[in-house]
Amino acid sequence: MTVSASSQTQSTQALIGFDPQGEMPSNEVLLKMYTLMLTLRFWDERSLKLQRSGRISFCVTTKGEEATQVGTVAALRATDWVFPAYRQPGIPLWRGANLESLAHQIFGSAKDVSLGHQMPNHYSFHHLYYASVSSVIGTQIVHASGAALAAQAKGTDDVAVTYFGDGSTSANDFHSALTVAGAKKAPALFFCVNNHYAISLHVSQQTGAKYLADKGVGYGVKALRVDGNDVLAVYQTTLAMAERARRGEGPALLELVTYRLNPHSSSDDDARYRLKGEMDGWIDKDPIPRFEAFLLEKGVLSLPQVDALKIQVEADVLEATKIAQETPLPDWQTLIEGVYAEIPATLQADLDDLLAHEQGLSLPHPGAFPL
Amino acid sequence: MNATMTPSSQMTSSLIERNPETPITMVQAINEALFQALESNPNVIVFGEDVGISGGVFRATEGLQAQFGEARVIDMPLTEAGIIGSAYGMAVAGMTPVAEIQFADYIFPAFDQIVSEVAKLRYRSGGDCACPMVIRTPYGGGIRGGTYHSQSPEAYFTQTPGIKVVIPSTPADAKGLLLSALQSPDPVLFMEPKRLYRSPKGLVPVDPTPIPLGPARLVQAGKDLSVFCYGAMVDICQAAATKLQESDGVSIEIIDLRTLSPIDEASILASVRKTGRALMVYEAPKTGGYGSEISAIIAEKAVEYLKAPIKRVAGLDTPYPYSLESVYMPHPVRVMRAMQEVLGF
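Protein chains in written order, with this note's numbering: chain A, 30 to 400; chain B, 3 to 347.
Everything labelled a hint here was simulated from the structure, so no lab data went into it. Take the hints with a grain of salt, since some may be wrong.
[Claimed, not checked] Below, a list of computed lysine-lysine pairs in the DSBU-like style, where the Cα atoms sit at most 35 angstroms apart: (1) A/Lys140 / A/Lys351; (2) B/Lys313 / B/Lys122; (3) B/Lys203 / B/Lys245; (4) B/Lys245 / B/Lys309; (5) A/Lys78 / B/Lys203; (6) B/Lys288 / A/Lys140.
Keep in mind it's a predicted model, so treat the numbers as computed, not measured.
Looking at chain A on its own, in the form it has when it is part of the complex (with noise of 0.2 angstroms):
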């Protein structure tokens, strides 16, 4: 009996870098995906300052971790399906959502398409194939594989992905997910964004396993790792995993490595566990420089290109969350909205007695969330 690797081609091991001679996108899409890491960052410092201002209870941002959401959504289609955490406001941006929905989202206004339902960062964008996002870890895995399933089902051939936190690769539905895709050999790509801390642990203490993409292999599952702070690596190998997909040759598991260079939330402390002296090392593979250094040195950008661009970003997003937040709160009726397809008597009678009571009334202001 001979052992054969044959269904590992790449060793996880080996970290993929940008392949120069690799598929590039045009300079169009170059400077595309360049705009939306530029807005992603201005995005999580005026994020951050309106919640440190009390504007919002609440945010994640994802400062660091820009290349793994522009690289990957700007290799797939259109109508790929996207499963994310709470990490991935790149995704709806790149597909066409524009920054006044995602303030709406943040404030809960009453131009929130979720209706003030959920937290901030919690988009929902279902014309975009980005499903609502979930708070609870790692759910959306499985949810990819399902979407995978139906694209075989329907004979097209999308693909379905998703993201997730190198801490979702101990939860349940990450095994459930990989056990279905890799037995149904299920077009979907699982994005696990490796930023090196579930909250407060750190990765290393989160799996005996030496690389988070080994645990693809048991699975069945082709599994890489990526370089996540370069997003042409990130983009070249998503192209590639999508079409190997999309060809019929099963899912793939790619380990973005990256590194959260924010704390987890606006709630979080992280000078009580980071460990020292790691941050620096991180901040010089920050994936916007890096790429901006690239693109200058191509001359697909100038220098006062970037600075122009920079100012303009920087205004969109001010001029957007302004907008949200001279929105007022949603009506109370869609407190019961949304919750069937109908609502059901009793509720809107219960909800009747309250505007019929308390509408008006000055109620107790909730308090400030911890996290």
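Dock chain B against the given chain A, drawing on the hints supplied.
The following block gives chain B in isolation, referenced to the frame of chain A:
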């Protein structure tokens, strides 16, 4: 190791030093109970997500790992099923596990372990085996946590025979009930109303003083109306009662159930037989909520004493909202209106 729990009367703490006359928060009280349990019982293990180096996202386990080491205060991987399943194994092997589920909203990956395994081990083995453990979890709204950081899922667990469900409403009860939970021969789901973690403060005995699981707490005695509540709703009910007693000259009894399962039926019935009126207040969705069970007990065993229909004040039958949380959560004005309705029937 096979040490047994030190009897509570002999429990002393060598390391906690504070003025017993200074009020402390509920989260401090919980921390102190865990500290003293770890100190007095070498079999106690505290574990969960972020409980070690960071001291827990609510700081309930602050300082415990530094004091008792990484073998007894364990940062676990992100797997609630793994945490509770491990607790089961630890308990069977003779330890006293204290597992933290970071938010009650995230207990569901462990639901199978709790409902199928932890709660049923004693029964299915005919009492041959048991897995005493404490599962601590913050629950409830009022912190702008939206759909997935605000839920009150106690009724899923009070519908599960074999696990006790305990909910404190004051710092002193939090400490005393948690100490008792640690001595319980059966598993205890200890749900902490996170809105009360940091306020209000209260006086708490420094020495470990267990408060028995089971008996409800009489918050205030009254003769016209019985209000049954628990957790964060106790303060809300008190605020409403205080105002109504001043304005309408009525006398309202408030009972904090504290142990939801097994239920203190005797206290509920005694109160209703005295006042003839009953109001249940809970923040979970109304239908099938814990207050519904109290209503059923009253309807079965005390209906002839009732002078007015019983009433529930609860959350709407919806998931927990974000933007309009202040409308959703029962508040004193709403509770006062319900009190007036029952009293004015």
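Taking the hints in turn, this is what the structure says about them:
no.	hint	in the structure
1	A/Lys140 / A/Lys351	holds (13 angstroms)
2	B/Lys313 / B/Lys122	holds (34 angstroms)
3	B/Lys203 / B/Lys245	holds (21 angstroms)
4	B/Lys245 / B/Lys309	holds (22 angstroms)
5	A/Lys78 / B/Lys203	holds (31 angstroms)
6	B/Lys288 / A/Lys140	holds (28 angstroms)
Of the numbered hints listed earlier, not one is contradicted by the structure.
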